[in-house]
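Take the sequences, apply the hints, and build the full model.
Chains A and B supply the protein sequences, listed in that same order.
With the working numbering applied, the first sequence covers -17 to 401.
With the working numbering applied, the second sequence covers 28 to 253.
What you were told as hints is all true, and nothing was included just to trick you.
Simulated crosslink set (BS3-like; lysine-lysine; CA at most 25 Å straight-line):
| # | chain 1 | residue 1 | chain 2 | residue 2 |
| --- | --- | --- | --- | --- |
| 1 | B | Lys168 | A | Lys(-14) |
| 2 | B | Lys158 | B | Lys143 |
| 3 | B | Lys150 | A | Lys(-14) |
| 4 | B | Lys147 | A | Lys(-14) |
| 5 | B | Lys69 | B | Lys205 |
| 6 | A | Lys310 | B | Lys143 |
| 7 | B | Lys114 | A | Lys391 |
| 8 | A | Lys(-14) | B | Lys169 |
| 9 | A | Lys(-14) | B | Lys143 |
| 10 | B | Lys102 | A | Lys388 |
| 11 | B | Lys150 | B | Lys114 |
| 12 | B | Lys102 | A | Lys391 |
| 13 | B | Lys114 | B | Lys143 |
| 14 | A | Lys(-14) | B | Lys114 |
| 15 | B | Lys114 | A | Lys310 |
| 16 | B | Lys102 | A | Lys310 |
| 17 | A | Lys238 | A | Lys92 |
| 18 | A | Lys388 | A | Lys310 |
To be clear, the hints were calculated from the coordinates, so they are not data collected in a lab.
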Amino acid sequence: MNIKLIQNIAISLLLARWRQTLVAAIGVTFSITMFITLLSFMSGLNDLLDGLILNRTPHVRLYKEIKASDQQPIDVHSKNTNQYNFIRSIKPKSERLEIQNSAAIIKNLKTDPRVLGIAPKVTAQVFYNVGVIEITGVINGIDPEAENKLFFFNDYVTEGNFMDLKNIPNSIILGKGAAEKMLAQIGDVVQITSSKGERISLKVVGFFQSGLQDLDNVQSYASISTTQKLLGESNNYITDLQVKLNDILMAPDVAKEYQRIYEIQAIDIQTANSQFETGSSVRSLISYAVGITLLIVAGFGIYNILNMMIYEKMDSIAILKAIGFSGKDVNRIFILIALSIGIFGGILGLLGGFGLSAIIDQIPFNTSSLPTVKTYPINYNPRYYLIGTIFAIITTYLAGYFPSRKASKIDPVIIIRGK
Amino acid sequence: MSQIILEAQGISKSFHDPVTIPVLKDISFTLMKGEFASIIGKSGCGKSTLLYILSTMDTDYEGNLIIDEVSMQGKNEGELAVVRNEKIGFVFQFHYLLNEFSVLENVMLPGQKLGKYSPKEIKERAYQKLKILGIENEALKKPNQLSGGQKQRVAIARALINDPLIIMGDEPTGNLDKKNSEIVFDIFKELADVYGQSLLIVTHDNEFASRTERIIEMQDGAILRM
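The structure is reproduced here in structure tokens:
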């Protein structure tokens, strides 16, 4: 009915005490800023820690495991008899680590809609030759493009270009620790001896640093064909298939399925990194707890400020009611006031939260275990901004609603006589 | 001119904190259109309490109140607000103007709430009322820039804006010096004589009361004479 009059009154009341209005709005701004900044920061750190594992680990890894057969010949032979066999000291038979029929499996996996991508790998046990000394190591033969696409290989190559593995024949990217031991520089040629005693010269095209010291001391990367050559194997020799799925949560089921279909070992990320799962869920629990606490604290802050503001205007309420404004009108006026403060302060809070996040994002954060991270991580998830906005509006609405409802219900004379 | 505009039927009220004390005991009287009446009595005799009940600002009482032939019994808070807006103009002891608004806006507010006239008409009417009270030159000032007497006149203008059935005053001159009291009384008198306005004024100023047409005297929550 007289929305415009109510608007005018609300605006006049707001502007007449603009300093108080500003303080209330700043209260809202501060709360929302802190909420957004802290959650962005915490979730950025969480993502960083999660990424340490998630980025580098395949969701499902297919490999051949050398172990004794589950079905021994004697068991097969005596299947339908009443005898029970005790067999001791079983040894696995001489078997290759190669995944049989790998080309067909890869082709098949690529048609699976759940699969994001596949990176084949050849693992070779080697010795790095440093003068007369031999250091044990592992060379992973990889497809640099697939490895980078799925596991962000480039992030861990601290020097050199990872694509050189493909472009330069007989090249190697050395683990940082291994390189230091070998005193190798980029462009140098290092001698590698395979476990079968074959010796090969590889050119260093880059250094690799994962952040895990033990890993960097032994691990190096070469192209698949170079590694196959080193092992003296044919070009369909593949020891691992690393599969990345669209949905990480499907990994255990998919792993079981592949194990059955391809008669091969398959391990999912959840099983391989169960300690990571625990850590990750505890961390997200902590961030939720902090987020909710922040919201509650901010909510009470906003509520208090607005409450005070409305109680200060009690006699205005009494006057308005005495001259013929109904409780509903008074309620509307003060909800409008509260909401304006909430929306104005909330928008500033969103900007403030974004600004503060951006500043934290610029603070240097150098740690040897995380070569790719140069500044503190921030997660600019729009969800936090949305929650912040909705929250600011709801709390200010309630903070306006309750006291003004109380004020609108009592007879004006109670307020007037109380003076 | 013999139309009843306000009728109190057996109005009683008690305060219950900490013990029950009766403040008003079975008050009944009627007020005719155009009457200029005053309620007098010692401090604490319940005259202000009665006035707040009559103005519908206090709903915690027993008995029946009839304003303009409509019973106020069972009306909800919103409906009472409409009655106050349309039919009653109230002048407090303290001016009770909103300092956030200019004098003109203060006077216009009840008119805007009523919504009977266009904004332009309301403004004209507000100026006209301020003119009657001789303060049209202060229209654009804020209330806190005015003197006490001027503020009270603004409050009267505000009470007049919707051409109410009755103007009620709770010691409207109680806070003013002799000269300003005189001015306010003259205004009331003029409103009653020239415009036929009904007025019901609570006062403890016997001299003020003696100059009104009708005196209702109260003592200990009951009417002594009327």
